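Number of protein chains: 2
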Amino acid sequence: MNAEIVGVGTELLLGQIANSNAQWMSEHLAEIGVDVLHHQVVGDNPDRIVEALRLALSRAEVVISTGGLGPTPDDVTREALAAAAGARLTRRPEIEDVIRERFARAGREMPQSNLLQADVPEGGRFIRPERGTAPGLVVEIEGRRVYALPGVPAEMREMMEGTVLPELAVLTGPTALVSRVLRCTGIAESRVAEMLDDLFHGTTNPTVAYLAGGGEVKVRLTAKAATRQEAEALIAPVSGEVTRRLGDFVFSSADVSLEQEVGRLLRAAGKTLACAESLTGGELGARITSVPGASDFFLGSAVCYTEKSKREVLGVSRATLEGPGTVSAECAGEMAAGARRLFGADLAVALTGAAGPDAHGGVEPGQVWIAIEGEDVSRRRPLRAPGDRDMVRRWAEQAALDLLRRHLEGKPLPRGPSVT
Amino acid sequence: MNAEIVGVGTELLLGQIANSNAQWMSEHLAEIGVDVLHHQVVGDNPDRIVEALRLALSRAEVVISTGGLGPTPDDVTREALAAAAGARLTRRPEIEDVIRERFARAGREMPQSNLLQADVPEGGRFIRPERGTAPGLVVEIEGRRVYALPGVPAEMREMMEGTVLPELAVLTGPTALVSRVLRCTGIAESRVAEMLDDLFHGTTNPTVAYLAGGGEVKVRLTAKAATRQEAEALIAPVSGEVTRRLGDFVFSSADVSLEQEVGRLLRAAGKTLACAESLTGGELGARITSVPGASDFFLGSAVCYTEKSKREVLGVSRATLEGPGTVSAECAGEMAAGARRLFGADLAVALTGAAGPDAHGGVEPGQVWIAIEGEDVSRRRPLRAPGDRDMVRRWAEQAALDLLRRHLEGKPLPRGPSVT
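From first to last, the protein sequence lines stand for chains A and B.
The numbering used here numbers the first residue of the first sequence as 1 and each following residue consecutively.
The numbering used here numbers the first residue of the second sequence as 1 and each following residue consecutively.
If you're looking for bench data, these hints aren't it; they were derived computationally from the structure.
Remember, it's a predicted structure, so these values are computed and weren't measured experimentally.
In this text, a Cβ means the ideal position worked out from N, Cα and C, and glycines have one as well.
Part of the chain A face toward chain B, derived, beta carbon under 10 Å:
| # | residue |
| --- | --- |
| 1 | Asn19 |
| 2 | Ser26 |
| 3 | Thr306 |
Between the sequences and the hints, there should be enough to build the whole structure, so can you do that?
Pasting the structure below:
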C-alpha cells in the first residue's frame, strides 16, 4: 500500500514552522509497511488544496492531509475536501455536542464560528477529537481514501494513533515492520559504521541506519516480515551481533536515554547521587531529574561557577585552585568529594571545564574533567569535546553520565586518556 | 516572483529526518519577497524527480531542489535534472579540480566515483562548493530557472546565501521584507491576540503572526516595501503601539531570549546572582549559563531536591518544612535567602514546586512558588503551571526569570496571585 501526505498551511510555506507532522507520519506509516512516495505542502488556498488532493489521489491509495480544520476563515480544508469529493458539507450534531462540551468544561464562551468544525462532507465519517475541537474527516473518493487531520501535532498524533494507523494496518494485512534502536556513547559514528558495515552487505532485511547527535550514536535496525514475530526473529541475531561488536559502548538496546538508564541503575543498586557542576551550569542535574521519580535517588547538585564557590561550597583546596587550576583532575575530584559530603550521597559525580567560546584561565574550550567519588570508587577522566558551547556542555554531561553508568554496571572505563 | 521547493531524499519519506531545509529556504525566500506556493518531497527515484521538476516548472518561475547530488548511486538528481532539461551531462574539469583539492587537503584518497559530482547538464552553470564536494547546478528550462542544491543543510545554506538569494533579489527588484519579533511572557496567546487584533483589521502591511510556546508568546510583525528603510518605517509605529498595549509583558523587541535579557540587565546593574532550585533540577542555572559570558554575574545554584538538603545546604527551617511544607512562599523565601548567603550574591532567586506527574506531599503538579531576595528586595510569587512535567519546569523557570527581569527593570509584578 502507498500513501501521500499533504500538508496544508501558509505558515509552512513562509517557513515559520517545519513540516514535522510529515516526518512523524512518514515514520509511523513506514513502521506498518505503508510506502510514502510523495509529500506536498500547499497554503490555505481552497483551489490549490483541491489540486493537491486530486494529484495525490491520482498516484496514492491513501491520502492524509494535515491542517486547515480550525474555526477561522483561513481554515479551508473542509471545503476543499468536500469539493474534491463532489459532496456538500452537512453539520453533524454529535460533533456540535463535543465542541459545546469542550468550551463548557473550560468555562469559556463558545464563538458561533466554532460550530463550522461540525461540518462533514456528505457520505464521509469523522474522527472524534479527544483534545481539540477539530474532528478528523474521512472520505472515500473513487475507491481511494482521504483522511483530513488537524495540524496541531498532538491532535494529529492522537488521530493517527487512535484511528488512521490501526485502520491502515488492517488494510496492509500481514506485513510487520519492526525497528530496534541501540544507543551508544563515547564512540564516533564513523567508527560504529566501520565496525558494523560488513553485517549489512548483500542484505536489506534488516536494514541499518546510523544517527549521530548529542554525543551519542543510534543504530536503528529495521526488519520487514509477514508477522511481528517473524520480523523480530530477523532482527534478534543481528542485534545480538551488533551488541557483541560494540560492547560496552552500547548503553541501551531499547531506545532509552542515558539519564533514564543511569536512573534505573541507581534505583536498582539502592544508591543515592549528588552532582557538582561548573561548565554545565545545572544541566546535568536537570537531565537526571527530567525523568519522573528521580527523587528516589537524586539528592541535589551544587552548581559552582566561581573559584570562590568551589572553595567555600565544595571545599576545593587553595593548593588545587592555585596549582593545577579549576580544569584539572584534582579539582574535579575535590568537587565530587565535596558534593558527596554536602548532600550525604552514596555517589557523586563532578564536571569542570571550559565551555567556550573563549579560553577560560588559559584552558582551551572543550577541555573537561570528570570525576566520580563513592565509598568504593574514585575515578577521574579527561574529555576533549568538539564544537560550540552547547555541544561541549552536552558532551560533558554525556561523558559524566556514561562514567556513572559504567561504574554502576561494573564495566571498565572506555579506552583513551584517563587517570586513576 | 514565485518559487517552488522540491526536496529529494528517501530519508525524508521514511521520516528519518524532517524537511528543515524547506523551512529555512522558505523563510529566507519570503524575506526577499519571493512567494513560495508549493513544497514537494520525492524519494531518490529518477522518474519521480523528473515528474516533480516538471510539475514545479509548470507553476513556478523558479524551482529549487535540495538533495541527491552526492557521489553514491542513490544520488540521481543530476541525471533527473539533465533529463528534465533535455540536455546531456558533461564533466567539468574546474569542478574535478575542486573535488581533488578537497580530498588532498583532508589527506584522504579520492574514490573515482566522486568525480561524478563534476557532471553538469550541458548549457547549465554550477555553484562552486566551499564546504562539501557537491557543486550546485543551475539550469534554464523554457525560460524558467532550476537551482539544484545539496541536501546537507550547511552546504545548501552556503549556496542559498552566496548565490541563489542574491540572484533572486536582483530579479525581484526593489522589494524588501522586514520582520520584527516582540517577545512576551506571563500572558496567554489568546489575550495577546485580543489586545492587538484590531490593529490589523483592514491592513496586511505589516502583517502579524502569533507564536506561543515554552511559556512565552512571540508577536512577529512583517512589512513589505520597495526598500528596507520603507519597510522599517511601516513597522515602527505598529511595533510602538504593540509595545504600548502589551506593556511590561514585553521583555524583548529584538527577538532576544529571556535568559539573555536577564543577563544583560544583571551585567548593566553590576549585580551578581545565585539560584536555589528544586523542581527544575538545575535547568534554571543551565539556561542562565547557556549565554556566553554568564560568569560575569552568575555565581552558582544550589539544587536541593530533598527536604534534608533544603535544610542543611540552604538553611530552610524545620518550622517551615513541618508547617507550610516545601511548596510554600516561606520555603521559597528561605531557599532564596540561603542561596544568597551560600554564594555571597547580591540577588538570589529560588524555585520550589511539584513538577509531576504525581502529586508531591499533597501538592498538585503544577503548583510552584518563586522567591527573590536581595538587599532591597524580598518578593514571593505563586504560579499554577499547566501541562506535563517538562512544561511545568519550563513555565517555572520562565516565571523566575521574569520576576528577576521585572525587579531589575524596576517594574511592578504582573497581576494575579502574589504575596509581599
